[in-house]
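Q: Residues per chain are reported as follows:
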Amino acid sequence: MRGTNLALGAAGLAAFLALGEAVPRLGLVKEAYFPPTSRIAGALGDELADSAFWTALGDTLTGWALGLAIAVGAGIVAGVVVSVVPYLREATASTVEFLRPIPSVALIPLAVLLYGTELRSVLLLVVYASFWQILIQVLYGVQDVDPVAEETARSYGLGTWARIRHVLWPTALPYVMTGVRLAAAVALILVITAELVIGAPGLGARIAVAQTSQAVPEMYALIVVTGVLGLLINVGARTVERHALAWHQSVRGEVAV
Amino acid sequence: MRRLFAGLAAGTFLLATAACGSSDDSGTSTGSSSSTGTTTVELGLIPIVDVAPVYLGVKQGFYEKHGLKLSITTAQGGAAIVPGVVSGQFQFGFSNMTSLMVAQSNSVPVQAVSNGIASTGVQGKDFGAITVKKGSALRSAKDLEGKKVAINTLKNINETAVRESVRKAGGDPDRVKFVELAFDQMPAALDGGQIDAAMVVEPALATVKSQGGVEIASPLVDVAPDLTVAMYFTSTQYAQKNPEVVRKFQEATAESLAYADAHPDEVREVVTTYTKIPASVLARVTLPKWPAEANRSSIEALEKLGEQDELFTSPPDLEKLLP
Numbered sequence: 196m197r198g199t200n201l202a203l204g205a206a207g208l209a210a211f212l213a214l215g216e217a218v219p220r221l222g223l224v225k226e227a228y229f230p231p232t233s234r235i236a237g238a239l240g241d242e243l244a245d246s247a248f249w250t251a252l253g254d255t256l257t258g259w260a261l262g263l264a265i266a267v268g269a270g271i272v273a274g275v276v277v278s279v280v281p282y283l284r285e286a287t288a289s290t291v292e293f294l295r296p297i298p299s300v301a302l303i304p305l306a307v308l309l310y311g312t313e314l315r316s317v318l319l320l321v322v323y324a325s326f327w328q329i330l331i332q333v334l335y336g337v338q339d340v341d342p343v344a345e346e347t348a349r350s351y352g353l354g355t356w357a358r359i360r361h362v363l364w365p366t367a368l369p370y371v372m373t374g375v376r377l378a379a380a381v382a383l384i385l386v387i388t389a390e391l392v393i394g395a396p397g398l399g400a401r402i403a404v405a406q407t408s409q410a411v412p413e414m415y416a417l418i419v420v421t422g423v424l425g426l427l428i429n430v431g432a433r434t435v436e437r438h439a440l441a442w443h444q445s446v447r448g449e450v451a452v
Numbered sequence: 091m092r093r094l095f096a097g098l099a100a101g102t103f104l105l106a107t108a109a110c111g112s113s114d115d116s117g118t119s120t121g122s123s124s125s126t127g128t129t130t131v132e133l134g135l136i137p138i139v140d141v142a143p144v145y146l147g148v149k150q151g152f153y154e155k156h157g158l159k160l161s162i163t164t165a166q167g168g169a170a171i172v173p174g175v176v177s178g179q180f181q182f183g184f185s186n187m188t189s190l191m192v193a194q195s196n197s198v199p200v201q202a203v204s205n206g207i208a209s210t211g212v213q214g215k216d217f218g219a220i221t222v223k224k225g226s227a228l229r230s231a232k233d234l235e236g237k238k239v240a241i242n243t244l245k246n247i248n249e250t251a252v253r254e255s256v257r258k259a260g261g262d263p264d265r266v267k268f269v270e271l272a273f274d275q276m277p278a279a280l281d282g283g284q285i286d287a288a289m290v291v292e293p294a295l296a297t298v299k300s301q302g303g304v305e306i307a308s309p310l311v312d313v314a315p316d317l318t319v320a321m322y323f324t325s326t327q328y329a330q331k332n333p334e335v336v337r338k339f340q341e342a343t344a345e346s347l348a349y350a351d352a353h354p355d356e357v358r359e360v361v362t363t364y365t366k367i368p369a370s371v372l373a374r375v376t377l378p379k380w381p382a383e384a385n386r387s388s389i390e391a392l393e394k395l396g397e398q399d400e401l402f403t404s405p406p407d408l409e410k411l412l413p
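Heads up: the protein sequence lines correspond to chains A and B, in order.
With positions in the first sequence counted from 1, the corresponding number in our numbering is that position plus 195.
With positions in the second sequence counted from 1, the corresponding number in our numbering is that position plus 90.
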């Protein structure tokens, strides 16, 4: 099954690349603005040989990893605290719903004003965007706790910490992992966007320089790199999810009722 | 109802803590200077041909000679640079003259310190031009009436300049339909027919010309002979507190500008270190002029046109803005 999926995936990608080669070659779009796959691949080769590219990749990954780590940490702590402390959920619900839909990109002027073009302004945007993904999932996860299990734990005299550890956390974990997977993708998008718009060092800034330089194949090569990054991050997040939830029936499919 | 009040209370609390956080942060922002005689200054630039003299100046040791170490940050567009300088993230920045005048008229405390770039002053041989597609029926700026013309930013220097070109050609600038488009997207949009004309600057201008596009006007030349297009600037606060650093920056930059003006080949070479302009395009790029001094009368002309086009909320004070 896995082999077939892999083969199908590869076939789909190959067809896509062939289309990318054919469309400009056939003159359906101008080669100058949409270079064929082979030229993009050539530009990609040049990029990979350039040490500045690897520095930029490192900057982007640093921003992504730090931002995601902060958002996950803060989201889990805030989510659990909000759910466990009586009345806090009602008290914050409207504020969360007010803040959550604000697009991170709208905060760019604020980020620039506070931190200029350095890593911290990227982090501000990344953390703001991915924090909500985690928080909301944690809130849903905690809501899903079986009241009978909760009451049983209480009547056996488990303290707050023990109940969080043994009842709440295992129930919420699948939700949290979904949140992490979503946040990982959102964080990558925001890192690249911040670099593109603000000019903080990284792949996004490199794309912007290629754009303003009229270096079209190089620009597409860098965009391909960000696509590959997104793919790897998604695969990675799914692997982590599978391992963390190895005990859960959604992963242990064979024993599901 | 109780829920609503509880929510409001929590919201207020969050805002209050956020406000405290931000004031703490701005308090710790650093203005770095050392006692060893070398001062490190942050400079915010746009990665384009215009700022090549600074890179050359660093390479030639002009800034070092004056006791300055430049830490260059490239930002995407002026939007990040003006707030960056005003908030103290950068000590110096690079911006076009209209943006600086608009900032000043909006009471944003900026102060120009050194010349940036000037147009070549030669009709048909400038680094910026109104271009039309190969075979277009449009022959002069007057023909732009009722047509869709792309400029990089509405209500800024390029709109002022294009309007002046139309006016000078005997047309009515109010009848031109301006659309906002990034310079790098203009060649494709022009070629694809989405726009009728585009006000492009290098290196996009070289790309347009390589496709057979035709220049129909040189708007920056139409504004004034040898127009000062952009300048290096700092915040008024920084200039007052650090007159010595500003003086050093002015001297080193003046040397760098003169050197760049005299060595176009080295300019084309240094441009490849911070942009990705392909060699084939770079060879055809028209370089701007880099006089060491800003041209005051050209800036006054730009200001008058800006006022005519209602760009300023209050008239800019050039006495205070210019060095």
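Hints in this document: simulated from the structure, not taken from any laboratory.
Remember, predicted model here, so these are calculated numbers, not experimental data.
Accuracy of the hints is not assured; some may be wrong.
[What the hints assert, rightly or not] Label-pair ranges, simulated between beta-carbon atoms: (1) B:T403 x A:A217: 35 to 41 Å; (2) B:G283 x A:I265: 27 to 33 Å; (3) A:K225 x B:K237: 21 to 27 Å; (4) A:D339 x B:T363: 51 to 57 Å; (5) A:L256 x B:S370: 47 to 53 Å; (6) B:S370 x A:Y335: 42 to 48 Å; (7) B:K149 x A:D241: 19 to 25 Å; (8) B:K237 x A:Y335: 50 to 56 Å; (9) B:K155 x A:A439: 19 to 25 Å; (10) B:G283 x A:L203: 19 to 25 Å; (11) B:R265 x A:A217: 42 to 48 Å; (12) A:Y335 x B:S300: 51 to 57 Å; (13) B:K155 x A:V300: 38 to 44 Å; (14) A:P296 x B:E356: 49 to 55 Å.
[As the list claims (entries may be wrong)] Lysine-lysine pairs mimicking BS3-like chemistry, simulated, CA-CA at most 25 Å apart: (15) B:K258 x B:K215; (16) B:K237 x B:K258; (17) B:K215 x B:K232; (18) A:K225 x B:K394; (19) B:K394 x B:K232; (20) B:K267 x B:K245; (21) B:K238 x A:K225; (22) B:K299 x A:K225; (23) B:K267 x B:K299.
[As the list claims (entries may be wrong)] Some, not all, of what chain B presents toward chain A, calculated at C-beta under 8 Å: (24) A352; (25) E356; (26) K366; (27) I367.
Even glycine gets a Cβ: it sits at the ideal position worked out from N, Cα and C.
Q: Hints first: check each against the structure and report whether it holds.
A: Going down the list of hints, with the structure as the test:
no., hint, result
1, B:T403 x A:A217: 35 to 41 Å, "violated, 54 Å"
2, B:G283 x A:I265: 27 to 33 Å, "violated, 47 Å"
3, A:K225 x B:K237: 21 to 27 Å, "holds, 22 Å"
4, A:D339 x B:T363: 51 to 57 Å, "holds, 56 Å"
5, A:L256 x B:S370: 47 to 53 Å, "violated, 33 Å"
6, B:S370 x A:Y335: 42 to 48 Å, "violated, 56 Å"
7, B:K149 x A:D241: 19 to 25 Å, "holds, 24 Å"
8, B:K237 x A:Y335: 50 to 56 Å, "holds, 54 Å"
9, B:K155 x A:A439: 19 to 25 Å, "violated, 59 Å"
10, B:G283 x A:L203: 19 to 25 Å, "violated, 40 Å"
11, B:R265 x A:A217: 42 to 48 Å, "holds, 44 Å"
12, A:Y335 x B:S300: 51 to 57 Å, "holds, 56 Å"
13, B:K155 x A:V300: 38 to 44 Å, "holds, 42 Å"
14, A:P296 x B:E356: 49 to 55 Å, "holds, 51 Å"
15, B:K258 x B:K215, "holds, 18 Å"
16, B:K237 x B:K258, "holds, 17 Å"
17, B:K215 x B:K232, "holds, 20 Å"
18, A:K225 x B:K394, "violated, 42 Å"
19, B:K394 x B:K232, "holds, 21 Å"
20, B:K267 x B:K245, "holds, 13 Å"
21, B:K238 x A:K225, "holds, 22 Å"
22, B:K299 x A:K225, "holds, 16 Å"
23, B:K267 x B:K299, "holds, 23 Å"
24, A352, "violated, 25 Å"
25, E356, "violated, 19 Å"
26, K366, "holds, 4 Å"
27, I367, "holds, 4 Å"
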